[in-house]
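Take a look at the letters that make up each chain.
Number of protein chains: 2
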Amino acid sequence: MYTLIDGKATAAQIHAELSMEVQNRLNQGLRRPHLAAVLVGHDGASQTYVNNKILACERVGFRSTLIKRESTIREAELLELVRSLNHDQELDGFIVQLPLPGHINAERINEAIDPAKDVDGFHAINLGRMLLNLPGYLPATPAGVIELLRRYNIETEGKNCVILGRSHIVGSPLSVLLARSATPGNCTVTLCHSKTQNLMEHIQRADILVAALGKPGFVRGEWIKKGAVVVDVGTTRVPDASRASGYKLMGDVDFESVAPHCSAITPVPGGVGPMTISMLLRNTLDSANQRHYGG
Amino acid sequence: MYTLIDGKATAAQIHAELSMEVQNRLNQGLRRPHLAAVLVGHDGASQTYVNNKILACERVGFRSTLIKRESTIREAELLELVRSLNHDQELDGFIVQLPLPGHINAERINEAIDPAKDVDGFHAINLGRMLLNLPGYLPATPAGVIELLRRYNIETEGKNCVILGRSHIVGSPLSVLLARSATPGNCTVTLCHSKTQNLMEHIQRADILVAALGKPGFVRGEWIKKGAVVVDVGTTRVPDASRASGYKLMGDVDFESVAPHCSAITPVPGGVGPMTISMLLRNTLDSANQRHYGG
Numbered sequence: 004m005y006t007l008i009d010g011k012a013t014a015a016q017i018h019a020e021l022s023m024e025v026q027n028r029l030n031q032g033l034r035r036p037h038l039a040a041v042l043v044g045h046d047g048a049s050q051t052y053v054n055n056k057i058l059a060c061e062r063v064g065f066r067s068t069l070i071k072r073e074s075t076i077r078e079a080e081l082l083e084l085v086r087s088l089n090h091d092q093e094l095d096g097f098i099v100q101l102p103l104p105g106h107i108n109a110e111r112i113n114e115a116i117d118p119a120k121d122v123d124g125f126h127a128i129n130l131g132r133m134l135l136n137l138p139g140y141l142p143a144t145p146a147g148v149i150e151l152l153r154r155y156n157i158e159t160e161g162k163n164c165v166i167l168g169r170s171h172i173v174g175s176p177l178s179v180l181l182a183r184s185a186t187p188g189n190c191t192v193t194l195c196h197s198k199t200q201n202l203m204e205h206i207q208r209a210d211i212l213v214a215a216l217g218k219p220g221f222v223r224g225e226w227i228k229k230g231a232v233v234v235d236v237g238t239t240r241v242p243d244a245s246r247a248s249g250y251k252l253m254g255d256v257d258f259e260s261v262a263p264h265c266s267a268i269t270p271v272p273g274g275v276g277p278m279t280i281s282m283l284l285r286n287t288l289d290s291a292n293q294r295h296y297g298g
Numbered sequence: 004m005y006t007l008i009d010g011k012a013t014a015a016q017i018h019a020e021l022s023m024e025v026q027n028r029l030n031q032g033l034r035r036p037h038l039a040a041v042l043v044g045h046d047g048a049s050q051t052y053v054n055n056k057i058l059a060c061e062r063v064g065f066r067s068t069l070i071k072r073e074s075t076i077r078e079a080e081l082l083e084l085v086r087s088l089n090h091d092q093e094l095d096g097f098i099v100q101l102p103l104p105g106h107i108n109a110e111r112i113n114e115a116i117d118p119a120k121d122v123d124g125f126h127a128i129n130l131g132r133m134l135l136n137l138p139g140y141l142p143a144t145p146a147g148v149i150e151l152l153r154r155y156n157i158e159t160e161g162k163n164c165v166i167l168g169r170s171h172i173v174g175s176p177l178s179v180l181l182a183r184s185a186t187p188g189n190c191t192v193t194l195c196h197s198k199t200q201n202l203m204e205h206i207q208r209a210d211i212l213v214a215a216l217g218k219p220g221f222v223r224g225e226w227i228k229k230g231a232v233v234v235d236v237g238t239t240r241v242p243d244a245s246r247a248s249g250y251k252l253m254g255d256v257d258f259e260s261v262a263p264h265c266s267a268i269t270p271v272p273g274g275v276g277p278m279t280i281s282m283l284l285r286n287t288l289d290s291a292n293q294r295h296y297g298g
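If you're matching them up, the sequences are chains A and B in order.
Numbered by my numbering, the letters in the first sequence go through residues 4 to 298 in order.
Numbered by my numbering, the letters in the second sequence go through residues 4 to 298 in order.
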């Protein structure tokens, strides 16, 4: 029988811990952690993501600020907004929700964010510090995967870990985190991607398999090593007329066929997904505590 | 029969190309590229490395400056020196030779270097930009490995690449470079290290094997897949009374037993070693040309 890695319950636990830490801050006369989110345009999914982040802030007692801009905003104006947020002493961290309109260079915006307020952990300097095993803000989704492994006491040292997908926000940073000398960590990591040949052979060797490709139901049970731990980062919206939202979330793993082979597995939804916001909040509180970058 | 990947000849070729580019700059009325090296203390190996870098500068027509400091220098003084080099308009790049004395925080020194002059490619922001597949200075030894693969037209796309060793200056960044979407690149990379179990099984699957452990003669012929490409980054000084220097350089690969199984292999010495300085010079010229960070 496999362990269901319950990201929703773990996230709720983390939120309870964060609430307590906020209360401790208030008792010490310190202000609430404060996160701002910049939303450009009216993309439905982006609005949902940002609203969920703002709601999560309220739930744990953070102050939050939602900053909306029209999709016609010029890059220079957005850069100016980023600079003003960098200098806002009342703000611990902020995110600029992606994707941005095509006329804006997202990389330039990302680089303009003060690394000390980069609670998404997307700035090059935070990724570089991760590679050097130095303190810094970790990208939220990879950090969420690490936190699930930690809280479920899953042994990682010396394990063969196979990661499917090399995106800049999940697969690539996670390959660094799981390979480096840390706990969780110390895995022998193989990073697979669209150019990988004989993908199945790699998957079959995995003690820990992380799927982050964005291909619904791609990973099949017959590929899974007996007793493997499977982490499903995929969250693709698939049309579903039977739901009020008109879609359902599907992971990269065919849960029904895969789960029986596993010692532990994350579901979709309710697995890695809820952890991403928790890690964003954690980063924001760390910033308020000046944990990585000092005062 | 295997191809001997001749790093010494390749480095000489690159130096000829660099000399020509310097000449072109001079013909356009531009100044010579200028590299400075900071040497703290009197460690013999460090002196040799720094001297070789200075000599290489002279050979390709770069201006060079050697800055020596006693090992008693305070960290604050060294930081001040770094800041003055950052602001020196006549200087394109500089390196601070490692190791530094124990009372100096090497990480703090590294962070103080202007990323635009970080021609060693060790600054977190350059490593993070590498992870994001953005232009920046690549660490010299991994860049040297990539350059050898490029110039010997070794196919990397879709190949299983196994890297032995996860150091911050070789194994970890090289795992990123070989996995990312680039040419050379697009390998399926497995990063092995001291915690890896069944190391031999990983090595046996390698189409491209990179050894960067610092264990002389560790890799044996019977582990090598037929036709593999083997890159030996190891350079350990082993005592040898028969030589004037008192030592010989040994790689991580037992060349005699490994070479017959290979399609291509780098020797030690004369393989990756000479490429490191070439890549340092390349980075310095790129800085003079304001290639990655603009004016």
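Hints are not guaranteed to be accurate.
Which copy is meant is left open, so a pair is good if it fits within one copy or across any two.
What the hints assert, rightly or not - The calculated lysine-lysine pairs, modelled on DSSO-like cross-linking and capped at a C-alpha distance of 30 Å, are:
#1 71 / 229
#2 71 / 228
#3 228 / 198
#4 71 / 198
#5 11 / 228
#6 229 / 198
#7 71 / 251
The hints are simulated quantities; they were obtained by calculation from the structure and are not laboratory data.
Against the structure, the hints:
In the homo-oligomer, the alpha carbons of residue 71 and residue 229 never lie at most 30 Å apart, since the shortest distance is 49 Å inside one protomer and 59 Å across protomers. Proximity of residue 71 and residue 228 under a CA criterion of 30 Å is satisfied in neither setting, with 47 Å inside one chain copy and 57 Å between copies. When the C-alpha separation of residue 228 and residue 198 is checked against a cutoff of 30 Å, the pair qualifies both within a copy, at 22 Å, and between copies, at 21 Å. Proximity of residue 71 to residue 198 under the C-alpha cut-off of 30 Å is found in neither arrangement, the shortest distances being 39 Å within a copy and 48 Å between copies.
For the identical chains of this complex, residue 11 and residue 228 are intra-copy neighbours only, at 26 Å inside a copy versus 45 Å across copies, given an alpha-carbon limit of 30 Å. Taking the shortest Cα distances, residue 229 and residue 198 sit within 30 Å of each other both inside one copy (26 Å) and across copies (22 Å). Proximity of residue 71 to residue 251 under the C-alpha cut-off of 30 Å is restricted to the intra-copy arrangement: shortest distance 27 Å within a copy versus 65 Å between copies.
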